[in-house]
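Chain D is already provided as a structure; the job is to place chain Y on it using the hints.
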Amino acid sequence: MTLLKKRLKIDKIVIEKSVANQSLTAKILKTFEDLPVEFVEAITLSKIGYRPGELIVAQRRGKSIKNCPGTPVYQCCDYYVLNLGIGCFFNCHYCFLHHYMNSPLMIFANLSDLIADVQEFCARRPKRIFRVGSGEFVDSLGLDEIVDFNTILVPELSRIPNLLFEIKTKSQRVEHLLKLNHRGRVVVSWSLNPQEIIDEDEPETDSLIDRIKAAAQCQKAGYRVGFHFDPMIHYSGWEAGYSEVIDMVFSNLKADRISWISLGALRFNAALKPIIKKKFPESRLILGELVPGLDKKLRYFLPIRRRMFAGAIKRIRSHTKDVPVYLCMEDATLAADVGASRLSQGDY
Amino acid sequence: MDDQILLAVAELEKSGIKLNKNHRRDLCELISEISRRDGIDAVSVLNEDKEITELLQNAALNGPKKLGRVKDILVARRYPTYTRARLTFSRRVNNLKLDSRIKIVPTPFFEDNKITVEFSYESPDGLREVLKSLEKLDKIDLVKEALEDRQDSY
Chain D
1 MTLLKKRLKI DKIVIEKSVA NQSLTAKILK TFEDLPVEFV EAITLSKIGY
51 RPGELIVAQR RGKSIKNCPG TPVYQCCDYY VLNLGIGCFF NCHYCFLHHY
101 MNSPLMIFAN LSDLIADVQE FCARRPKRIF RVGSGEFVDS LGLDEIVDFN
151 TILVPELSRI PNLLFEIKTK SQRVEHLLKL NHRGRVVVSW SLNPQEIIDE
201 DEPETDSLID RIKAAAQCQK AGYRVGFHFD PMIHYSGWEA GYSEVIDMVF
251 SNLKADRISW ISLGALRFNA ALKPIIKKKF PESRLILGEL VPGLDKKLRY
301 FLPIRRRMFA GAIKRIRSHT KDVPVYLCME DATLAADVGA SRLSQGDY
Chain Y
349 MDDQILLAVA ELEKSGIKLN KNHRRDLCEL ISEISRRDGI DAVSVLNEDK
399 EITELLQNAA LNGPKKLGRV KDILVARRYP TYTRARLTFS RRVNNLKLDS
449 RIKIVPTPFF EDNKITVEFS YESPDGLREV LKSLEKLDKI DLVKEALEDR
499 QDSY
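These protein sequence lines are chains D and Y, in that order.
So for the first sequence, my numbering puts the first residue at 1; every next one is plus one.
So for the second sequence, my numbering puts the first residue at 349; every next one is plus one.
Isolated chain Y (complex conformation):
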C-alpha cells in the first residue's frame, strides 16, 4: 500500500473515525483511484476537499457519521456521472410527493429502464389512496430523466 494512502487514512482516524478492515479497504480504494485519476497525491484528495476538511473538524459529529459522509463525498467524486443520476432520480421522486407508503426502486446503477414499486396498505381505503398516488408516475419517465446527462466526465 502506497505510504501516501496510509497517511490519508491516518488523517481520518485522527479526527475520531474508527475504521474496520472493510471500511479501510473501501476508503483506500476510493482515495487511491481518485488520486491516480486526478493526478494528485492521496493526502490532497482529503486535504484539498473543503467539504471533507470541514466535516472532519466538526466536533458535533460522531465518528460513524463522519465516516458515512466522507465516504459519500468520495463516492460522489469517484463516480460523478452516476452520483448526478442518483441525485436527479431522488429529486424527481421527491418532487412527485408520492404517498409515504410507496417506495420507488430503480434497477441498480440504472442499468435498465425498470422501476420496482413497493407499497403497503392496511385497508381498502388505504389501497385506493396509494393507487391514486401511483397515477403520478405515468406522467414522468424517471429513469430517462435521471440519465439525461450531457456532461462528460472528461
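Isolated chain D, as found in the complex:
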C-alpha cells in the first residue's frame, strides 16, 4: 500500500459531500487516514481548480456508460465504456490522459448508481450482448488497492445476462479477482507490448511476463481473458519483438479461453506530441513515421500499419485459427486486407 500511495503522490483528499457516506469513500479515508480532507458541496469539472496532488472523490452524474470514443471515420468494434474515474498512475508515455496533466486523480464513489446504470442500459435491449469495459479513463485494476472497485463490480455486473464486462489492465495484481463469482461473464484483458517497449514507454507498469502470468492465473480461475496489442509501436526489431510476445501468450494460455485479441497501432492527437517531447524527452515514440489520419490523429503511415498488423495476425494464426483478432480504429478495407475479424455478437 505504501508503494501505491507513493506512486499516486496524493497529499490531500477532496470529497464531494453527496458521496461522503458511500462505502468507497470510507475505504479511501481509511487508506489515506494521515492526509488532510476537505469536504465540498459540489465538484464542478468545468471550473475544476484542483491540482494533481489531490484525490477527488466525486459523484458521477449523468450517464456512466458511453460508446467507446472511437473515431467515426474508422471502424468501431461496438464497445462501451464504464467510467469509474479519471487518471492513471501508470503514466505510459503515449497515454491520452497526459492531455489532462494538470488534473487531479478523480474517483466516482457512487458505485451503486454506476451499476444501476449498466443494468438499465443492458435491460433496454435484452437480446443483444454488450461488451462494456472500465479501462478507458483508468486502468481497470489500477485503483483496486485503494477502492477495490472490482470486488463489488465483478459479482454485481456478472449477474446481467447480456453483458460481458471487460477489466482492461497492465497490472499483475489479480489475487483479489480469483475468488470472485464472475459467472463466466467477465473478461480480464491485458494490454501487451514487447518488454523493450514496456521498459522504454510503459516503465511504471508491470512486466510482460508478470502480465502473462496474471492472465494464466485468471484463466485458471475460470475467467475468459483477452489481449490488446495496443498501441503497437514500430521500432527497430518490432517484428521479432511482437512475435515473441505472441508466442509467450500461446505457450502460457489456453487459446480456447481467449475471448479476443485486438491490434491497434500507436495514434494520438497532434497536441500530445509536444507534451510527450517535454514530459518524456528520451522517448522515441514521436520519431516514428507518423502522419495525420482521416481523424487528424497522428498514426503510422498506412503501409507500416498494414505490415505490422499482417505480421501479428500471421503469427497469431500460426497458433490458433479460432480466436477473433480485430483491429481497433482502422477501416474495414485494411481489416480485410490483413485478415482481421469484424467482431460480431456471435464471436463472444
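It should be emphasised that the hints constitute simulated quantities derived from the structure, not laboratory data.
Treat the hints with caution; some may be incorrect.
Said to hold, decoys possible - Some chain D residues close to chain Y (C-beta under 7 Å, calculated; not the full set): (1) I160; (2) A240; (3) G241; (4) S283; (5) E289; (6) L294; (7) L298; (8) F301; (9) L302.
None of the values given here were measured: they were computed from a predicted structure.
In this text, a Cβ means the ideal position worked out from N, Cα and C, and glycines have one as well.
Chain Y in isolation, oriented as in the chain D frame:
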C-alpha cells in the same frame, strides 16, 4: 532548444536562406527528429548529406529555392516510406499521360483508396477529350501501387 540544432539552422542561414518563425520551427523539428532517430548530431544531419551541402553552395539558387529543396530533402529523410509512396504515385500518374486539364488528387497521406479527379473543359469536344483520357484510369489502381512498399524503414 539544443545548441546543435541552433548551429545546424545557423549553417542554413549562412548560405543565404532567410527563415521566418514557421520555417525555423519546421526545420528545427525535422533536424532534431532525424538526428535523434539516426543517432547523429544535428549539424551532421545537414553536413553529411551531400545533396544538401551541394545545394547550399550552389550560387545559382536563391534563398527561397534553397529553402524549399532543403525542406523537401529533410521531409524525405524523416518520412521515407511516405515519400516513396508519393513519388511512386506521381510517377504512375505521369506515365498515364493524362489530358493536361485533369488533376488527380489522392486522400492526404493515402489514408484510404479514394482518388479525387478534377478537370475543366470549355466545349463539348473538350469534355469528350477529357472523358476519353480518364478511361486510362480504369486500368490501374494508383493508390494500391503507390502503397505496395516492401521495404521496412527499420
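Now for the hints, and whether the structure bears them out:
With a cut of 7 Å, the hint placing D:I160 at the interface with chain Y is violated, because the nearest CB-to-CB distance is about 38 Å. Violation of the interface hint for D:A240 is found here, the shortest Cβ-Cβ separation to chain Y being roughly 11 Å, above the 7 Å cut-off. Hint status for D:G241: violated, given a least beta-carbon distance of 11 Å to chain Y, over 7 Å. For D:S283, the interface hint is violated, the least distance from its beta-carbon to any beta-carbon of chain Y being 10 Å, above 7 Å.
Below 7 Å, beta-carbon pairs count as interface contacts, and D:E289 has one with chain Y at about 5 Å; its hint therefore holds. A distance limit of 7 Å between C-beta atoms decides the matter here; for D:L294 the minimum to chain Y is near 5 Å, and the interface restraint holds. Hint status for D:L298: violated, given a least beta-carbon distance of 10 Å to chain Y, over 7 Å. Of the supplied interface hints, the one on D:F301 holds, with its beta-carbon coming within about 5 Å of a beta-carbon of chain Y, less than 7 Å.
Of the supplied interface hints, the one on D:L302 holds, with its beta-carbon coming within about 6 Å of a beta-carbon of chain Y, less than 7 Å.
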